[in-house]
Amino acid sequence: KVARILREILVAGSKRDWDRIIELAQELEELARECRDGSIVENDGK
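Taking the working numbering, the leading residue of the sequence shown gets 60, the next gets one more, and so forth.
Note that these hints are calculated values from the structure, not bench results. As the structure is a prediction and not an experimental result, all values here were calculated from the model. Some hints could be false.
Unchecked claim - Here are the simulated distance ranges between beta carbons:
{"#": "1", "residue 1": "R95", "residue 2": "S73", "range": "27 to 35 angstroms"}
{"#": "2", "residue 1": "G97", "residue 2": "S73", "range": "33 to 41 angstroms"}
{"#": "3", "residue 1": "K74", "residue 2": "S98", "range": "29 to 37 angstroms"}
A virtual CB, placed ideally from N, CA and C, is assigned to each residue, including glycine.
Let the sequences and hints guide you as you build the complete structure.
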């Protein structure tokens, strides 16, 4: 999930798509909260 978000941030950054960058940053923040709280289950890329 993190890798996908970071790839999308790179694409959005090259297009200067600030709305998409903000949206992805919020998604990354939510993912970080889930990881911190232990509520995320890794699926090994499946």
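Status of the hints after comparison with the structure:
1. R95 x S73: 27 to 35 angstroms: 30 angstroms, holds
2. G97 x S73: 33 to 41 angstroms: 35 angstroms, holds
3. K74 x S98: 29 to 37 angstroms: 32 angstroms, holds
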